[in-house]
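Chemist: Starting from the known structure of chain Z, arrange chain B on it as the hints suggest.
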Amino acid sequence: MVQNQRAFSFVGQGGGSMTQKQFLLIALVFPILSLGALTIYKQHKVSSGTEVVIPIVGYDPRDLLSGHYLIYQLRLDECQEAYLDPAYMCVRSAQGEAFFSQAIPDLEPDDQLQCDTVIQGQCQGKRFEAGIERFYIPEAHSQALDRIIRSGKGKLVVSVDNQGKAVIKDLLINDRPWQEYLSESD
Amino acid sequence: MANLGKLEHHLTQWAEKGLLSEEQRQKILEFEQNESKSLGGNRVLYAFLILGVSIIGIGVVSLIAVNWEAIDPMVKLASDFVILILLAGGIYRAHILKNDVLFDVVSALFILSCLASIGLISQIYHTGGEIYQALLLWSVITFPLSFLSHRGFLPHLWVFGFLLMTFAWAVSPDSWWYRKNTFGDWDANLFPFFLCFPLFAYTFANLCYPIKGMARFSKNFLFWAVILAFIALGATNVYYEVIESPFSFHDYLPVILLVGTSAITLFLRKDIPQKIKAVILSLIATSIVFYLPALFYFTFPEPESVSYEGPWWDGEILGAICLIAGLFLFSIIFTLFNRPRLFNFVTLLIGIRFLGIYFQVIGDLAMTGLGLIISGLLIIALALLWYKTKERLALWVKGVVQ
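Protein sequences, first through last, are from chains Z and B. Counting with our numbering, you get residues 1 to 186 for the letters of the first sequence. Counting with our numbering, you get residues 1 to 402 for the letters of the second sequence.
So here's chain Z without its partners, still in its complex pose:
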């Protein structure tokens, strides 16, 4: 306790300086509030924005922190330039599903392209990546989902904001939510 008290020589017992208890409260509240803010931010990104369904193809490694996840590629147009950051993809969709995509130079597309949404990402070689190429899945279903996604039956539901940033909403298998598909298959 003595060492800890010495650490608080900038902290007073009252008056203008912070007390030990006040500092402790801040130290306890700060992480909880930060994580809460992060959660609200992520939820807001998912709830707002334009919804688009994009076909995918992928495979399954493991994340030590968050468990099993699928990694896949978005079935979009190829990049015009290799290794470009940021890069933009114009997407046209019908009934919410992307049917046409084209790499464009910036966030504000030419009116002639008639983009329903523009997704921001980067070009890794010819492949366009938008930071949404990872979907966490339960270990029990990882192999089954991996096989299905590799066969090209998967689609990703994403929400894109007006800055082109996309976040994942859901994974579809044969146009149905993956949990529904797996429970019907069992």
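There could be a bad hint or two in this list.
As the list claims (entries may be wrong) - As a list, the in silico PhoX-like pairs of lysine-lysine whose alpha-carbon atoms are at most 20 Å apart: (1) Z/LYS153 / Z/LYS45; (2) B/LYS219 / B/LYS270; (3) B/LYS212 / Z/LYS21; (4) Z/LYS165 / Z/LYS153; (5) Z/LYS45 / Z/LYS165; (6) B/LYS76 / Z/LYS169; (7) Z/LYS169 / Z/LYS42; (8) B/LYS17 / B/LYS27; (9) Z/LYS21 / B/LYS27; (10) B/LYS76 / Z/LYS42.
Source of the hints: derived by calculation from the structure; they are not laboratory data. Source: prediction; values computed, not measured.
Modeler: The following block gives chain B in isolation, referenced to the frame of chain Z:
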């Protein structure tokens, strides 16, 4: 004091020599025995509680990693925040009760739960990103509580997490050293990072020391700086044997910068005598000399596979020389800071590496009957020589430096 048996032995000797009276000897012994009773039991309890909490924390992270789809994501999140709030309440209560052990134990669980929460949020919202970003967030939000630790575990845990974050960044695509290797694949050239890492930790050790309340962080950073320096020496030895990447000034620029920051932060330390500062600075600078062969040798403009060949550029021997020289420099540091056990350990490693050179040079001959006999005799001779001369060696090193 941890070892009462040793203390009693020393006190008896001192009393026999007339350095202490019998009454003083008794009083010191009683005092230390009482201290041991109050701290020793607590230390054991503390250690086991921390171990239990750490295992619980790892278990929580593993549970999240299983990714139970049966539980609604919002229920998972709500439960997670309830747990965090309850733990925070427990920490506050421990502070009110002035219970150091409980404070640290519950704080450790809280800090590990923060990491688990980041993993949970990442899982639920399928966030991309690298591990180092999660650890960076964790480092920022848990630092204030680690600062308030009543004992040593939380700063230790935090420093470990911070350095792990640095390593995770170094191996990620966002790393300074991420490039196309000679085979055309993208990966991180880690050897320059191995050189940077101990200097990075040492810089932070010096930065933390003068700040009130940060002495424990400084000590932990210094501990890891020494460990990482040993790893860097080992990496050097391996590097010279298996070089495939050409030298790149871009890769070694951070090393140069960190030599500078280590030197500047050391210079600003008021607790270290000037003479010792000069010795440490020259040791840090000298350590860069070992990489000069790489600077002179690799001047190709295009990446291509190279290997050390030739009589005196032999990679294996050069690597061994660098390792031994580095260990020798460490022996000087440990002598200066009066760490006889570490000095002995390092000189033993030097002896083992010399033996390694012998076996590398002799090669298959060592496996013959005569070779084995000679090798065995050599090992025994070196071991006896080391045992008999280690104290004189330490005195000689001290004399040379002073």
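Chemist: Decide, hint by hint, whether the structure agrees.
Modeler: We went through each hint and held it up to the structure:
For the hint pairing Z/LYS153 with Z/LYS45, the CA-to-CA distance comes to about 26 Å; that exceeds 20 Å, so the pair is violated. Annotation: proposed proximity of B/LYS219 to B/LYS270 holds, straight-line Cα distance about 16 Å (limit 20 Å). Taking the CA atoms of B/LYS212 and Z/LYS21, the gap is about 18 Å. The hint holds against a cut of 20 Å. For the suggested pair Z/LYS165 and Z/LYS153, the alpha carbons sit about 25 Å apart, so the restraint of at most 20 Å is broken.
For a cut-off of 20 Å, the pair hint linking Z/LYS45 to Z/LYS165 stands: about 9 Å separates their Cα positions. Taken as a hint, the B/LYS76 and Z/LYS169 pair is honoured in the structure, with Cα atoms around 17 Å apart against an allowance of 20 Å. Restraint check: the Cα-Cα separation between Z/LYS169 and Z/LYS42 comes to about 11 Å, which is no more than 20 Å; the hinted pair holds. Between B/LYS17 and B/LYS27 the alpha-carbon distance is near 18 Å, which keeps this suggested pair within the 20 Å criterion.
This hinted pair does not check out: Z/LYS21 and B/LYS27 have alpha carbons roughly 39 Å apart, beyond 20 Å. For the proposed pair B/LYS76 and Z/LYS42, the alpha carbon gap of about 15 Å is at most 20 Å, so the pair holds.
The structure is inconsistent with the numbered hints 1, 4, 9, although it conforms to all the rest.
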